[in-house]
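Asks: Residue-level listing of the chains:
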Amino acid sequence: MAELIVYGIILGSIIALGSIGLTLIWGITDLFNCAHGDQITVGAYTAFVFTSLFSNMGILQGKVGPFSFCWGVLLAFIPAVIISVVLALIIDRWVYKPLRHSGAHFITSFIASIGVAWVLRGFIYIIWGADFHFYSSGLRTVAFLPLGIKLRIDEIFIVVIAWMAVALVYLFLAKTKKGKALRALADNPGLARISGIDTEYMIKWAWGIAGTLIAIAGILYGIETQLRPEMGWIFLLPLFAAIILGGKGSITGALIGGLLLGIAQQVSTAWLLPTYKPAIAFIIMIAVLIFRPKGIFGRRHI
Amino acid sequence: MTILEVEDITSGYGSMPVLHGLSLKIEKGQIVSLLGPNGAGKTTLLRTIFGILKPWKGIIYFDGKDIKDLPPEKITRIGMGYVPQEENIFPSLTVQENLEMGAFIREDNWSGRLEDIYEMFPDLTKRRKSRAGELSGGMRQMLAIGRALMLNPVLLLLDEPSTGIAPYLVDQIFEKIKALKGHGMTIFLVEQNTQALKCSDRSYILEGGEKKAEGNACDLLADEEIAKHYLGK
Amino acid sequence: MGMSLGGVLNFLVSFAIMASIYAILAIGLNVHWGYTGLLNFGIAGFFALGAYTSALITSPKPVGIMANYVRQAIGLNLPFLLGIAGAAIVSGVIAGVIGILTLRLSEGYLAIATIGIAESIRIFINNESWLANGPQGLIGLPRPLHNIVPRCYYNYLYLVIVSIFLTVIYFAVERGIRSPWGRVLRAIREDEIMVSADGKNVFFFKLQSLIFGAMIMGIGGALYAHFSAAIQPGVFEPLFGTFIIWAMLTLGGTGNNKGAIIGSFIVWALWSWSTFLIFKVVPRGFETRAPYIRYVLIGLLLIFIIIKRPKGMLGEEAHVSEF
Ligand SMILES: Nc1ncnc2c1ncn2[C@@H]1O[C@H](COP(=O)(O)OP(=O)(O)O)[C@@H](O)[C@H]1O
Ligand SMILES: [Mg+2]
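Protein chains in written order, with our numbering: chain A, 1 to 302; chain B, 303 to 535; chain C, 536 to 858.
In short, the hints are calculated from the structure, not lab data. Since we're looking at a predicted model, the values are computed, not measured. Among these hints, one or two may not hold up.
[Stated by the list, open to error] Below are the DSBU-like pairs computed for lysine-lysine, each with C-alpha atoms no more than 35 Å apart in a straight line:
no., chain 1, residue 1, chain 2, residue 2
1, B, Lys431, B, Lys327
2, B, Lys376, B, Lys431
3, B, Lys428, B, Lys530
4, A, Lys150, A, Lys97
5, B, Lys478, A, Lys175
6, C, Lys793, B, Lys356
7, B, Lys428, A, Lys177
8, B, Lys480, B, Lys500
9, B, Lys376, C, Lys596
10, A, Lys204, B, Lys367
11, A, Lys294, C, Lys846
12, A, Lys248, A, Lys177
13, B, Lys431, B, Lys367
14, A, Lys294, B, Lys327
15, C, Lys815, A, Lys178
16, A, Lys248, B, Lys530
17, A, Lys248, B, Lys330
18, B, Lys428, A, Lys294
19, A, Lys177, B, Lys513
20, B, Lys327, B, Lys500
21, A, Lys204, B, Lys359
22, B, Lys483, A, Lys97
23, B, Lys431, A, Lys175
24, A, Lys175, B, Lys327
25, B, Lys431, A, Lys178
26, B, Lys530, A, Lys178
27, C, Lys843, B, Lys359
[Said to hold, decoys possible] Distance ranges between label pairs, derived from CB positions:
no., chain 1, residue 1, chain 2, residue 2, range
28, A, Ile127, C, Arg710, 45 to 51 Å
29, A, Tyr170, C, Gly734, 46 to 52 Å
30, A, Ile234, C, Arg713, 41 to 47 Å
31, C, Ile674, A, Ala130, 53 to 59 Å
32, C, Lys846, B, Gly439, 27 to 33 Å
33, B, Ser438, C, Asp733, 35 to 41 Å
34, C, Glu663, A, Ile234, 38 to 44 Å
35, A, Ile234, B, Gly466, 47 to 53 Å
36, C, Val628, B, Ser438, 27 to 33 Å
Quick reminder that beta carbons are idealized off the backbone N, C-alpha and C, glycines included.
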């Protein structure tokens with residue numbers, strides 16, 4: 001059981017990281033972004049391109065400490081984040097912004113985001129094919145923890161990076177002027193405008209943060225499993241469940257929701273087939289929707 | 303000197319007009335009130351002045367400049383403040399953060415201003431760290447006014463600040479409004495409460511999107527016809 | 536790739552069958568979203584329920600050595616039309632239960648809840664192998680009237696069958712939506728509060744709409760099962776079971792049944808024909824990746840229509856109600 005909980009925390013950390021950008025955009029623009037998963041896939045593959053590039057140039061080949069990946073993967077975070085942010089800004093400029101300005105129903109932008117998801121996935125298939133890819137073929141070292149818990153060393157890295165990213169976003173939203181303005185915008189867009197907050201400018205910031213988290217989540221997810229074109233799409237539904245649990249726009253809610261779902265999914269395997277894991281997430285989500293439609297925590301501070 | 307001039311404004315929602323060729327003037331340094339029953343179009347007028355609604359016809363001059371086409375985030379920057387009737391706070395932000403958002407466009411150091419506002423509304427001081435959504439109705443209204451005051455606007459638009467709050471607080475709010483005038487601020491006060499007339503220099507009466515009367519507040523109160531018809535006396 | 540005339544015809548016929556089945560699903564969605572404003576993103580669930588119900592009703596229970604390979608809880612070996620009826624009833628009943636649980640949710644949350652429910656149904660069918668053979672699914676499902684035409688012409692007959700269903704459903708929905716009942720549904724879509732102020736039980740009307748649309752989707756699922764003669768849970772994943780149908784209705788015109796049909800044919804044409812066209816132009820070595828261009832094409836078309844023609848190709852039809 002202790003082992004399952006630890007696995008649950010690992011899974012939950014990845015879900016949380018993936019869902020924070022999603023809930024931020026949901027809170028600020030009302031967009032429930034169906035392309036979020038495929039943007040994660042793009043992030044993972046962009047890092048893969050740069051990792052391969054470095055390895056072709058014969059640089060950064062050394063393994064990072066006890067981890068299975070080399071320095072090239074670490075360096076690839078930078079271009080992957082940049083490209084992910086630029087992509088998010090381009091999509092917003094050409095798809096969601098026109099819809100916002102025409103006062104479209106939120107479901108219209110939701111369906112548009114399905115279109116975006118297909119376009120992205122199509123390009124991923126066309127460019128990289130349907131095969132699986134790996135950042136490195138290195139051996140994955142396993143650590144033996146007390147209580148008989150076996151853990152891949154990489155997973156420690158994943159959890160640490162995920163939590164660092166989450167903490168940074170939290171601090172940004174809690175302490176900086178732009179962060180507070182983002183929360184104000186999510187809270188009461190009309191009053192935010194009256195207060196002189198430039199909505200479109202802040203939405204760019206929101207996509208910047210979301211794009212950064214998307215790329216990081218994609219790479220970590222790629223390190224944990226492997227790269228395949230459907231990776232983000234499959235990952236998307238648990239993310240939806242996490243942000244529903246957490247409540248619209250709530251970062252801490254998504255964090256707790258993600259952890260809860262991760263743990264619930266892993267612990268459920270003690271009794272149920274592992275293939276039921278996604279269904280567990282949905283059933284929790286549906287129960288929360290029916291009994292606590294504002295999320296388990298109601299409205300939260302951040 | 304006229305600070306705000308609205309001339310022959312027609313405005314509304316969708317294809318439904320609410321205001322029908324309305325004109326009014328606000329002199330600098332005065333408290334001007336606008337009274338009228340529910341649905342008269344008072345809120346619609348404020349939204350139109352502040353650029354949230356675009357007028358279909360007519361002109362709006364603020365401080366001699368045509369502001370008809372400016373969006374609200376620009377109007378905030380030229381010295382007008384607005385406290386909406388509803389949803390006038392950021393409920394999940396703290397009291398302090400609400401006030402900070404009021405100062406969002408200020409690049410200078412506004413901590414002095416923050417303390418002034420806490421001084422003006424001492425009750426808020428104790429609740430600095432509370433979430434605004436947890437405040438009582440009266441405190442929310444004070445916070446909403448405080449937020450708009452962070453920029454020290456030349457003209458402040460207030461939409462029914464006394465509606466839905468405890469009676470003893472109503473007097474307090476009108477006192478604060480008079481104090482603001484004492485500091486040289488011009489105030490456009492929209493109300494249903496006739497008490498507003500007592501603290502204003504000039505008043506307008508609006509019904510069905512049309513101006514029904516205007517003049518010195520005392521004269522309006524004294525006019526039996528008007529008092530009976532519009533002020534519920 | 537050379538193709539004989541017969542080959543082309545065969546391809547067109549099976550294309551038309553699939554597109555018509557999708558059109559039925561899209562009309563079901565139109566009842567939900569187009570006419571009542573219900574955000575059902577769980578089409579795949581009703582699609583799957585219909586397909587599996589009809590399969591279990593019409594196919595015999597495997598015996599002998601087959602029973603070792605194909606497990607299914609029941610196998611009634613009943614006629615096709617009973618399968619269709621069963622599909623409609625089961626989808627309708629489950630829709631009723633789902634509706635009672637979820638219809639009070641605000642619209643966006645209803646969308647997410649229904650995605651979750653549809654996925655849970657699929658995962659359940661996938662995992663509970665005793666029910667309908669799990670991930671391998673059911674094969675060799677009976678094809679109605681298969682003994683009256685030669686095997687190679689069977690699809691022509693099936694196209695006729697599907698067209699009859701599509702026509703009947705089309706006119707049934709058109710009638711329903713022009714009736715006083717349909718007028719209430721459309722009023723709910725426009726302004727729920729007004730309708731309840733009129734003393735109408737909004738929840739009950741929504742429930743009826745959900746059930747009615749789900750029954751149509753169930754029939755679509757059954758028609759699919761007997762066409763492909765094989766079903767697996769994988770078919771009912773959100774992409775092909777739900778999202779593509781939303782794309783079809785959105786493209787054609789929400790609130791317009793003709794639009795639902797046209798949208799289905801266009802999207803399905805793009806999907807199934809683009810591979811052929813693309814094979815002619817792509818460089819050698821890229822043939823395996825070329826089919827994925829259709830994701831890009833449909834995605835772009837969807838975005839383009841939403842931004843440039845938000846009401847879809849046909850827009851909503853004006854409705855004159857009979858009193
Ligand atoms: N957002 C809106 N959309 C459509 N009509 C509105 C809206 N807000 C107000 N109205 C209508 O405009 C008229 C005037 O409303 P309002 O300006 O709020 O009046 P007041 O503030 O004087 O009570 C009313 O008939 C009201 O129903
Ligand atoms: Mg009002």
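Asks: Are the hints correct? Go through all of them and say.
Replies: Each hint, compared with the structure:
no.	hint	in the structure
1	B:Lys431 - B:Lys327	violated, 40 Å
2	B:Lys376 - B:Lys431	holds, 30 Å
3	B:Lys428 - B:Lys530	violated, 43 Å
4	A:Lys150 - A:Lys97	violated, 47 Å
5	B:Lys478 - A:Lys175	holds, 31 Å
6	C:Lys793 - B:Lys356	violated, 38 Å
7	B:Lys428 - A:Lys177	holds, 23 Å
8	B:Lys480 - B:Lys500	holds, 10 Å
9	B:Lys376 - C:Lys596	violated, 73 Å
10	A:Lys204 - B:Lys367	holds, 31 Å
11	A:Lys294 - C:Lys846	holds, 31 Å
12	A:Lys248 - A:Lys177	holds, 21 Å
13	B:Lys431 - B:Lys367	violated, 40 Å
14	A:Lys294 - B:Lys327	violated, 45 Å
15	C:Lys815 - A:Lys178	violated, 52 Å
16	A:Lys248 - B:Lys530	violated, 49 Å
17	A:Lys248 - B:Lys330	violated, 44 Å
18	B:Lys428 - A:Lys294	holds, 29 Å
19	A:Lys177 - B:Lys513	violated, 43 Å
20	B:Lys327 - B:Lys500	holds, 19 Å
21	A:Lys204 - B:Lys359	holds, 34 Å
22	B:Lys483 - A:Lys97	violated, 42 Å
23	B:Lys431 - A:Lys175	holds, 13 Å
24	A:Lys175 - B:Lys327	violated, 42 Å
25	B:Lys431 - A:Lys178	holds, 19 Å
26	B:Lys530 - A:Lys178	violated, 52 Å
27	C:Lys843 - B:Lys359	holds, 29 Å
28	A:Ile127 - C:Arg710: 45 to 51 Å	holds, 50 Å
29	A:Tyr170 - C:Gly734: 46 to 52 Å	holds, 49 Å
30	A:Ile234 - C:Arg713: 41 to 47 Å	holds, 42 Å
31	C:Ile674 - A:Ala130: 53 to 59 Å	violated, 25 Å
32	C:Lys846 - B:Gly439: 27 to 33 Å	violated, 43 Å
33	B:Ser438 - C:Asp733: 35 to 41 Å	holds, 37 Å
34	C:Glu663 - A:Ile234: 38 to 44 Å	violated, 21 Å
35	A:Ile234 - B:Gly466: 47 to 53 Å	holds, 49 Å
36	C:Val628 - B:Ser438: 27 to 33 Å	violated, 49 Å
Of the hints listed earlier, those the structure fails to meet are numbers 1, 3, 4, 6, 9, 13, 14, 15, 16, 17, 19, 22, 24, 26, 31, 32, 34, 36, in rising order.
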